[in-house]
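Colleague: All chains should be modelled from the sequences, with the hints used to inform the complete structure.
As you go down the protein sequences, you meet chains U and W in turn.
In case it helps, numbering that gives the first Met the number 0 puts the first sequence at residues 0 to 224.
In case it helps, numbering that gives the first Met the number 0 puts the second sequence at residues 0 to 480.
Calculated from the structure, these hints are not laboratory results.
It cannot be assumed that every hint is accurate.
What the hints assert, rightly or not - Here are the computed distance ranges between Cβ atoms for each label pair:
1. W:GLN349 x U:THR156: 39 to 47 angstroms
2. W:GLU469 x U:PHE195: 43 to 51 angstroms
3. W:GLU421 x U:LEU7: 54 to 62 angstroms
4. W:PHE474 x U:PRO52: 50 to 58 angstroms
5. U:ASP133 x W:GLN246: 47 to 55 angstroms
6. U:PRO52 x W:ARG437: 24 to 32 angstroms
7. U:HIS11 x W:ARG130: 52 to 60 angstroms
8. U:THR156 x W:ILE438: 29 to 37 angstroms
Just so you know, these numbers come straight off a predicted model, no measurement behind them.
The beta-carbon is built from N, C-alpha and C at its ideal position, and this holds for glycine as well.
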Amino acid sequence: MNTLLSYLENHHLIWRGRHPHGAADTQSSGYAVLDEYLQGGFPRHDVIEIDSPCGIGELRLLLPYLQQQETPRLLVFIAPPGLLSAELLLAAGIDLQQVLVLQPESDKDALWAAEQCLKSGSSHGVVMWHRQLDVHQLKRLQLAAQEGRASLFLFRTAQRIKVSLPVALSLQLRPHAQGLRVRINKRRGGWAEQPFTLDMSSHWPELACAPVPDNLLYLPVARAI
Amino acid sequence: MLWLYLHFPRLQLETLYQPERQEEGRLPAIVVLDAQHNRVVQINQVASAAGIQLGMGLGTAASLSQELQVVEYQPQREATKLQEIAHWLYDVTADISLFSPQGLAMRVTPMLRLYGDLPRYWQAVQQHLGRWRGASCVSDAPVSGLSLQFATATTPLAARVLARSGANMLTDQQEHIQAQLRGLSIRQSDLSTKDVERLSRIGVLTIGDLLKLPLADLARRFDIGLINHVGRLTGQFRHPLDFYLPQSRFRQSLELLYEIDNTGVLQHPLSHLLDQLEAYLRQRGWMTERLELLLHQRDRENKKVSIASARGEYQASVWRSLAALTLQHVSLDAPVHSMTLCVEQVSSYQAEKLDLLDGRQGCVAAEQLVSLLQARLGEARVQGITLVDDHRPERANQRSKPLTPAQAPAHLNRLRPSLMFEPRALREKVELLHGPERIVTGWWDQQTVKRDYYVARNQAGQWLWVFRNEQREWFVQGMFS
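Modeller: In structure tokens, the structure reads:
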């Protein structure tokens with residue numbers, strides 16, 4: 000009986016309702032609200048897909064997570080859409096010596112580089128801006144991430160997402176005046192949630208609009224200006 | 000004083016590179032031809048089985064075997080190889096003198112204090128020579144792929160004469176050596192053909208006959224060359240020799256039996272050289288960060304390829320994979336007929352320290368990863384970032400060599416965008432939220448900047464870093480992504 004149960008368990012044939020399968024290995028994202036929704040934080044050593052327009056705060060969302068690590072290991076950025084700012088990384092507490100920026104010529108090279116960085120064991124995080132990824136490529140990256148105990152953050156833009164990938168976590172980010180509007184598209188061992196607002200104004204006070212008091216009525220003329 | 004002489008009768012043939020060890024039946028007959036005299040000077044076993052003999056002309060040899068491979072005899076190539084062998088043997092024996100292009104004389108007596116007796120010394124030399132990887136698979140010699148003739152004698156010249164006659168004797172018995180030497184024909188005495196003829200005309204047919212004649216009598220009839228030769232043979236005259244001194248750098252070349260025009264195929268012979276490099280570096284406890292590979296192209300200039308490893312490495316397996324990645328980007332102008340591998344700088348080897356308990360599974364150090372990435376993507380595409388003390392944002396952020404320690408920055412409390420680009424005109428409606436932050440600097444180096452920076456948010460919700468210049472033109476320079 001016991002063996003039958005464990006067999007069913009191992010093959011994911013038992014539906015456990017809201018209880019996740021085993022304790023998921025997570026690490027705090029640095030934002031309490033997000034941690035709560037993700038039940039602990041970002042999954043460790045796996046691939047996390049982020050669907051987001053550029054420039055709304057998507058990279059800032061990751062910085063607290065990328066900053067925390069026990070032993071100094073590399074942080075690799077692959078094909079960022081601009082020159083990565085040293086000041087921001089330093090301000091976030093990231094050691095610049097451990098940062099690598101790769102600008103591969105082709106998508107193929109980018110994937111190869113990501114796999115090498117992940118499985119090397121000498122990098123703890125890889126952030127990649129990438130266009131199109133197939134399921135088998137993702138599987139390889141996942142295996143590499145587990146082998147080298149590293150996390151891969153994959154930035155994609157909505158127009159380019161065609162296939163749904165079996166990632167550990169898929170987030171959709173949309174702009175918001177105080178931070179980000181986050182929607183969890185997919186989470187291993189969890190459910191898709193309603194979109195929620197992640198207030199980042201405590202981390203980045205300059206990058207938030209002052210909240211509009213709800214008892215305020217604009218005069219029509221004033222609004223037009 | 001006892002001398003050991005090693006003679007490599009088929010040095011050029013046996014150091015040719017051939018891709019794979021082929022089955023005995025499929026190995027082609029190869030001859031090395033002295034084109035000037037139209038004489039076959041070296042043959043492999045297949046050729047000799049076909050009936051080809053040393054000294055034949057090319058026509059005769061070609062008529063005996065259909066698939067004959069002919070290589071031109073080049074003494075300077077043999078001389079280079081001989082240098083390499085001397086370099087290799089230098090690990091086990093001290094005084095080596097080169098008799099280019101095919102022989103080495105080694106002074107045995109001083110080495111006996113180290114090795115005890117002659118058989119033990121010979122064993123060390125032989126075993127070490129057996130590990131030499133410079134020879135190819137073309138040959139059929141048992142040890143190290145080199146066929147070898149050797150002899151010991153009390154003078155280097157006598158040892159040479161005995162070795163070249165194929166005596167293959169190892170003894171320190173004076174009488175035995177003398178008897179053997181005296182029995183040799185005058186033709187084997189290494190004298191010029193003219194002298195040999197003159198001597199045989201007066202009835203001197205063996206070396207023994209020659210040595211019976213008193214030197215004074217010989218001096219009356221023959222020139223000084225012959226007297227010197229005889230004196231050196233017997234040890235009455237000193238034989239001045241230059242001893243080999245190893246160079247402190249690695250430089251090995253490999254001649255290919257076939258020309259190669261595909262860089263993928265080049266890796267196979269290259270790995271041969273890398274093995275030698277590993278042996279060279281490991282023995283000395285060295286490693287190197289950069290290899291220079293010279294590809295000698297037919298009728299074209301040599302192509303220089305440098306293979307780098309950020310960490311410094313000695314292992315052939317690591318260099319092989321780096322070389323494979325680097326060679327992918329090399330395009331050849333013409334087929335390659337030989338290659339040279341050089342190492343300019345070495346440093347002492349430092350083992351990498353890994354934490355046993357921190358649970359890391361990957362086993363590649365950061366520097367190794369960087370070299371791997373650089374080998375495939377190109378060095379310019381793998382960079383670190385660094386902060387320079389400058390108020391101009393485009394100057395403050397700079398790319399640097401990976402893994403270089405960053406300097407401590409002076410100001411940090413400024414808010415800066417995470418992604419920056421070349422300033423481009425602002426063409427959309429934005430809402431300015433913070434600012435201005437005025438930056439006026441650079442008047443001293445003709446790159447004056449007078450700008451007011453603002454944090455702005457556009458209709459799409461993107462956080463932009465915009466500035467207005469003196470002409471009141473607006474630009475976007477970054478994004479707070």
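Colleague: None of the hints should be skipped; say for each whether it holds.
Modeller: A quick look at each hint next to the structure:
1. W:GLN349 x U:THR156: 39 to 47 angstroms: 45 angstroms, holds
2. W:GLU469 x U:PHE195: 43 to 51 angstroms: 45 angstroms, holds
3. W:GLU421 x U:LEU7: 54 to 62 angstroms: Given a distance of about 59 angstroms, which is inside 54 to 62 angstroms, the answer is holds.
4. W:PHE474 x U:PRO52: 50 to 58 angstroms: At 21 angstroms between Cβs, range violated.
5. U:ASP133 x W:GLN246: 47 to 55 angstroms: At roughly 53 angstroms between Cβ atoms, GLN246 (chain W) and ASP133 (chain U) fall inside 47 to 55 angstroms, so the hint holds.
6. U:PRO52 x W:ARG437: 24 to 32 angstroms: 30 angstroms, holds
7. U:HIS11 x W:ARG130: 52 to 60 angstroms: 56 angstroms, holds
8. U:THR156 x W:ILE438: 29 to 37 angstroms: 32 angstroms, holds
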